[in-house]
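Protein sequence lines correspond, in order, to chains W and X.
By the count of our numbering, the first sequence reaches residue 202 at its end, each step adding exactly one.
By the count of our numbering, the second sequence reaches residue 167 at its end, each step adding exactly one.
It is worth saying that the hints were derived from the structure and are not from the lab.
For clarity, every value in this text was computed on a predicted model and none was experimentally measured.
Warning: the hint list may mix true and false statements.
Label pairs and their calculated CB-CB ranges [what the hints assert, rightly or not]: (1) Phe-63(W) to Glu-96(X): 14 to 22 Å; (2) Lys-95(X) to Glu-94(W): 32 to 40 Å; (3) Phe-63(W) to Lys-151(X): 35 to 43 Å; (4) Ala-113(W) to Glu-96(X): 13 to 21 Å; (5) Ala-114(W) to Lys-151(X): 32 to 40 Å; (6) Ser-48(W) to Gly-93(X): 14 to 22 Å; (7) Ala-150(X) to Ile-30(W): 36 to 44 Å.
Ideal placement from N, C-alpha and C gives every residue a C-beta, glycine not left out.
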Amino acid sequence: MMRIAACAIAIAVCLTAGIVHGQKPDEQRIMVAYTYYVVSGNTDEMLSGIRAAARERGGYVKFFSKDRIVIRLPHKETAWLARYLREAGQVADEQIARTDLSETLVDLRTRLAAKKKLLADLYKVFDNAALPQTLEVEKAVGGVIVEIEELKGKIAYYRDRIDLPEITVHLTAGPRGAVTGSPGSGWEWIRTLGIESIMMRY
Amino acid sequence: MATHNDIRHPMFRLKRGVRAIACIAMCSMALISCATIDFPTPQGFAKFTKDQRDYRAISADGVRIKARRIKNEPYGDLRMWQDAIGHHFESLGYKEKESGVLAATEGYSGRFGEYRAVFNGREHRYIAALFVGKGDIVIIEAAGEEAVFAKRRDAVMTSIRSFNPGK
Chain W
1 MMRIAACAIA IAVCLTAGIV HGQKPDEQRI MVAYTYYVVS GNTDEMLSGI RAAARERGGY
61 VKFFSKDRIV IRLPHKETAW LARYLREAGQ VADEQIARTD LSETLVDLRT RLAAKKKLLA
121 DLYKVFDNAA LPQTLEVEKA VGGVIVEIEE LKGKIAYYRD RIDLPEITVH LTAGPRGAVT
181 GSPGSGWEWI RTLGIESIMM RY
Chain X
1 MATHNDIRHP MFRLKRGVRA IACIAMCSMA LISCATIDFP TPQGFAKFTK DQRDYRAISA
61 DGVRIKARRI KNEPYGDLRM WQDAIGHHFE SLGYKEKESG VLAATEGYSG RFGEYRAVFN
121 GREHRYIAAL FVGKGDIVII EAAGEEAVFA KRRDAVMTSI RSFNPGK
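Could you build all of it, start to finish, from the sequences and the hints given here?
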């Protein structure tokens with residue numbers, strides 16, 4: 001009795017740690033979505049900056065309009081984007097939503113492993129089947145292959161959602177020069193110094 | 001009896017003297033503010049010649065240099081102005097990478113600061129060099145995308161270091 005209980009606990013621990021069916025223990029299983037509300041003195045410039053960054057940093061633009069852009073960026077680049085938004089504008093609000101997909105992924109992978117085992121068994125039956133049974137086994141094999149591909153597709157979808165967080169940036173036009181929220185220098189000539197001035201109004 | 005408008009009257013002479021001094025002062029101020037800048041164009045840069053007041057040059061890969069002279073008014077020393085522009089860049093989110101002293105020439109003392117910042121979604125480098133004299137300040141700016149700026153940096157710094165703001 002004790003042995004059965006110990007076995008059950010060990011299986012539960014393995015499932016929780018995600019080491020069943022090839023899932024690495026340190027694998028990221030949290031889906032993150034970021035939403036920023038940014039006030040900028042030049043929304044067009046900011047929009048083109050975000051689009052260029054998405055392209056160059058391994059992500060892509062999912063949607064964009066004049067006042068909203070939705071991009072997907074790799075995890076390691078999200079901190080960069082947050083820094084860029086703070087430097088280029090004033091972040092009025094920031095929301096982060098996290099969804100734990102551990103259970104979903106473990107469930108899908110368990111079902112996938114079971115279906116793969118079933119498919120292997122069906123192939124064995126198929127090899128030894130007599131002609132009248134062959135058609136039935138072939139039909140069953142076809143059904144299992146479809147289910148396996150569906151499961152693989154779902155796993156790939158969730159993995160993609162996890163690996164590339166979705167970032168939505170709502171842009172609001174603000175007065176030029178007020179984008180950093182700082183009153184700025186007291187000298188007119190000092191306020192004209194900087195990269196933007198030399199690169200854009202050269 | 002000589003009146004105030006009479007050429008022989010001491011008040012007339014005094015007024016004329018004050019007017020002459022004011023005129024000289026205004027002319028010298030105008031000269032300071034309009035003085036051209038003899039900045040040595042770095043190798044690989046083309047200088048814009050139309051604008052006689054400010055110095056502007058650009059490289060083939062888009063690194064830009066701009067130099068201008070402004071009045072040191074209200075008067076401040078190098079440290080004061082360096083702090084003022086430092087606060088400005090800090091408020092813009094620039095990260096200082098390097099700073100240093102530039103050789104003092106003909107009554108000017110100078111410093112430069114090199115900064116890194118994100119502009120238009122790309123990493124940029126920016127150098128601001130400041131030469132402060134008693135009557136005027138010369139400010140030299142250079143900026144470009146990080147990768148291309150790195151190639152031009154030495155040429156830009158050589159020109160800044162050899163620049164004589166008093167000329």
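May I ask you to test the hint 32 to 40 Å on the CB atoms belonging to Ala-114(W) and Lys-151(X)?
59 Å, violated
The hint says 32 to 40 Å between Lys-95(X) and Glu-94(W); measuring C-beta to C-beta, is that right?
21 Å, violated
Assessment of proposed distance window 14 to 22 Å (beta carbons of Phe-63(W), Glu-96(X)):
The hint (14 to 22 Å, Cβ to Cβ) is violated, given that Phe-63(W) and Glu-96(X) are roughly 37 Å apart.
Holds or violated: the 14 to 22 Å window for the beta-carbon distance between Ser-48(W) and Gly-93(X)?
19 Å, holds
In this structure, is the beta-carbon distance linking Ala-150(X) and Ile-30(W) contained in 36 to 44 Å?
37 Å, holds
Supplied distance hint 13 to 21 Å, evaluated on CB atoms of Ala-113(W) and Glu-96(X):
55 Å, violated
Okay, Phe-63(W) versus Lys-151(X) on CB: inside 35 to 43 Å?
37 Å, holds
Violated hints, in rising order: 1, 2, 4 and 5; the structure is consistent with all others.
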